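Going down the list, the sequences are from chains V and W. Sequential numbering of the first sequence, starting at 8, is according to the working numbering. Sequential numbering of the second sequence, starting at 132, is according to the working numbering.
None of these hints come from the bench; they were simulated from the model. Computed from a predicted model, the values in this text were never measured in an experiment. Keep in mind that a hint or two might mislead.
[Claimed, not checked] Where chain W lies over chain V, by a calculated footprint (3+ residues, C-beta under 8 Å):
hint	stretch
1	146-158
2	166-179
3	199-206
4	225-235
[What the hints assert, rightly or not] Now the in silico label distances, taken between C-beta atoms and shown as ranges:
hint	chain 1	residue 1	chain 2	residue 2	range
5	W	E217	V	V157	35 to 45 Å
6	V	P13	W	Q232	43 to 53 Å
7	V	V157	W	E317	11 to 21 Å
8	V	A238	W	N411	33 to 43 Å
9	V	A90	W	G193	34 to 44 Å
10	V	V157	W	A366	49 to 59 Å
11	W	H192	V	V157	36 to 46 Å
[As the list claims (entries may be wrong)] Calculated Cβ distances over 10 Å to all of chain V for the following chain W residues:
hint	residue
12	V140
13	G155
14	S180
15	A210
16	R236
17	E262
18	T264
19	L288
20	A316
21	D318
22	D337
23	E356
24	G361
25	A388
26	S389
27	H395
Ideal Cβ positions, reconstructed from N, Cα and C, are used throughout, including at glycine.
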Amino acid sequence: MAWAPPGVEVNSPPHWPLARGEVNHVGDLVAVVIGDDRYAVADAVDDVMVEYEPLAAVVDAEAAIVGAPFVHEELGTNFGAHACVVDVDPETGKTTIVRYVAVDDCGNPINPINPINPMLIDGQIHGGVVFGIGQALYEQVAYDDDGQLVTGTFVNYALPTAAEVPSFETDRTVTPSPVNSMGVKGVGEAGTIAASAVVTNAVIDAIRPLGVDYMNMPLSPIRVWEAIQDASGSRAEANR
Amino acid sequence: MIPAAFDYVAPESLDDVITALVDGGEDAKLLAGGHSLIPLMKLRVAAPSLLVDLRKLPGLHGVQRQDGHWRIGALTTHAVLEHAPELGVVSDVAATIADPQVRHRGTIGGSLAHGDSASDLPAAMLICEAEVTLQGQSGQRTVACADLFQDYLTTALAEDEVLTEIRVPVLDGYGHAYQKFTRRAEDWAMAGVCAVVKLSDGVVADARVGLTNLGSVPLRATAVEQALQGLPATAESLAAAAEHAAEGINPPADLNASTEYKQHLARVLTRRALADAVANAG
Numbered sequence: 008m009a010w011a012p013p014g015v016e017v018n019s020p021p022h023w024p025l026a027r028g029e030v031n032h033v034g035d036l037v038a039v040v041i042g043d044d045r046y047a048v049a050d051a052v053d054d055v056m057v058e059y060e061p062l063a064a065v066v067d068a069e070a071a072i073v074g075a076p077f078v079h080e081e082l083g084t085n086f087g088a089h090a091c092v093v094d095v096d097p098e099t100g101k102t103t104i105v106r107y108v109a110v111d112d113c114g115n116p117i118n119p120i121n122p123i124n125p126m127l128i129d130g131q132i133h134g135g136v137v138f139g140i141g142q143a144l145y146e147q148v149a150y151d152d153d154g155q156l157v158t159g160t161f162v163n164y165a166l167p168t169a170a171e172v173p174s175f176e177t178d179r180t181v182t183p184s185p186v187n188s189m190g191v192k193g194v195g196e197a198g199t200i201a202a203s204a205v206v207t208n209a210v211i212d213a214i215r216p217l218g219v220d221y222m223n224m225p226l227s228p229i230r231v232w233e234a235i236q237d238a239s240g241s242r243a244e245a246n247r
Numbered sequence: 132m133i134p135a136a137f138d139y140v141a142p143e144s145l146d147d148v149i150t151a152l153v154d155g156g157e158d159a160k161l162l163a164g165g166h167s168l169i170p171l172m173k174l175r176v177a178a179p180s181l182l183v184d185l186r187k188l189p190g191l192h193g194v195q196r197q198d199g200h201w202r203i204g205a206l207t208t209h210a211v212l213e214h215a216p217e218l219g220v221v222s223d224v225a226a227t228i229a230d231p232q233v234r235h236r237g238t239i240g241g242s243l244a245h246g247d248s249a250s251d252l253p254a255a256m257l258i259c260e261a262e263v264t265l266q267g268q269s270g271q272r273t274v275a276c277a278d279l280f281q282d283y284l285t286t287a288l289a290e291d292e293v294l295t296e297i298r299v300p301v302l303d304g305y306g307h308a309y310q311k312f313t314r315r316a317e318d319w320a321m322a323g324v325c326a327v328v329k330l331s332d333g334v335v336a337d338a339r340v341g342l343t344n345l346g347s348v349p350l351r352a353t354a355v356e357q358a359l360q361g362l363p364a365t366a367e368s369l370a371a372a373a374e375h376a377a378e379g380i381n382p383p384a385d386l387n388a389s390t391e392y393k394q395h396l397a398r399v400l401t402r403r404a405l406a407d408a409v410a411n412a413g
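Next comes chain V alone, as it looks inside the complex (with noise of 0.2 Å):
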């Protein structure tokens, strides 16, 4: 249960130890075995037997919007959608975030408990942003062929900074949340989950016509260019 302060009631949705019913993803539990001895347990582990209809992925915007199942029916709705526009070089394979657009729903941003500055909300969704930026086109953890860590500092572990992204547009729908007494949803990590998606996107988007349609982040301009160079075959001639 939350904390609230003395006279508001705060409801909450039910959190059960198991999926009841309906399963919303992979690793959800959904039976404990107890047993005197971990041999008997293991045993018995064998005997449980599962029956469960997998659903379709839906994977069209569309399609989302219009009946899909929810995956967390009783929290509500936490939604929102982000789209960008990236300049891909051809040539040298450096992208540049040209456009980015944030629209996200934190529900009752002027709730009666603790009204919320709106700017706060904006800031959480730019810095969520950058942080996704950051994974999508510069953030790499590497070693040496020795096992030495080679990104130990800023100068060579690559973070963006305002140079590398656009002036953020942002905006909101307001839905207020069902299972909280304020109205409110989370809003820290909602530019984070949509940046890192809607980027690698984008820049697949631009090189398609290249022949590339996959690539693991981040996209870095070499690795860009190796794409190309990969789908074009060139690199294999010219390796010949």
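Position chain W relative to chain V; hints supplied.
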């Protein structure tokens, strides 16, 4: 990130600086802007026993035009060069160094004496065919920048010598450009190419191309320069000449780039730098 202990002096005359250098022996280092030396000391890659600070020395600041040369005092900051567009490619290059804080502290003399091929100014000095004045115990000598850079972080400066002035020939009528490739704005160049081009009736009368961070010393792409000589300055001829940019260079692979990728960048950046330089040639 804490440097080893060191002694510190800040003499008020060049003679006193040289005396301090001689007395300090091989472990004495000159301190100008400090933006290369201090980080190395904090990483304990460098551990000088004595720092001889140049900040109180008079007369080593500023840019003057004299006898067809720009005379640039060794303690002139990158920010001053950045805001002196009459210096052409030197100004182009200075404007790309790190960030504004560094450019207001870092000095041209310090950058050249440091001898790092990843620094931006050395390659520009090569293509301008600049020379430096070195003052030591036994007097003054002049060294061409082509002879100054000898190996990675190694220059022709003797232990008792101070780099006091840089003389850059005035390149009137030359177009100029610098193409610096970095992952982030403030990074050292992964590769950089500076170019100056003089045209005569649309034909290349003189083209010079310098390469940053593509070897243990700054380099000139002489094959490109020769390939362009006397050709019309068309996009095709510039592109064809730029294909020679990686000839004879073997840049070591690092965290961000393979040798092959750096050679490719050298060709692409050379083509772009030449095109930019031709576009603003008078």
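Quiz item: Taking the minimum C-beta separation from W:R236 to chain V, is that value above 10 Å?
Solution: holds, 17 Å
Quiz item: Taking the minimum C-beta separation from W:V140 to chain V, is that value above 10 Å?
Solution: The assertion about W:V140 holds, with a minimum of 30 Å to chain V.
Quiz item: Do the beta carbons of V:A238 and W:N411 sit within 33 to 43 Å of each other?
Solution: This hint holds: roughly 36 Å between Cβ atoms.
Quiz prompt | Cβ separation check - W:G361 to all of chain V, threshold 10 Å | solution = About 27 Å separates W:G361 from the closest Cβ of chain V, which puts it past 10 Å; holds.
Exercise. Closer than 8 Å, Cβ to Cβ, for at least three residues: run that test on the stretch 199-206 of chain V against chain W and report holds or violated.
Key: violated (count 0)
Quiz item: Between W:H192 and V:V157, does the C-beta distance stay in 36 to 46 Å?
Solution: At 39 Å between Cβs, range holds.
Quiz item: Okay, the stretch 225-235 of chain V and chain W, do three or more residues pass the C-beta test at under 8 Å?
Solution: n = 5 at 8 Å, threshold three: holds.
Exercise. Test the statement that W:D318 is away from the interface with chain V: the closest C-beta pair must be farther apart than 10 Å.
Key: Given that some Cβ of chain V is not farther than 10 Å from that of W:D318, nearest at about 8 Å, it is violated.
Quiz item: For W:H395, is the shortest beta carbon distance to chain V beyond 10 Å?
Solution: violated, 7 Å
Exercise. Check whether three or more residues of the stretch 166-179 of chain V sit with their beta carbon closer than 8 Å to a beta carbon of chain W.
Key: holds (count 4)
Quiz prompt | Beyond 10 Å from each Cβ of chain V, as asserted for W:L288 | solution = Since the minimum Cβ distance to chain V is about 26 Å, W:L288 lies beyond 10 Å and the statement holds.
Exercise. May I ask you to test the hint 35 to 45 Å on the CB atoms belonging to W:E217 and V:V157?
Key: For W:E217 and V:V157 the Cβ distance comes to about 42 Å; the hint holds.
Checked against the numbered hints given earlier, this structure breaks hints 3, 9, 10, 20, 21, 25, 26 and 27; the rest are met.
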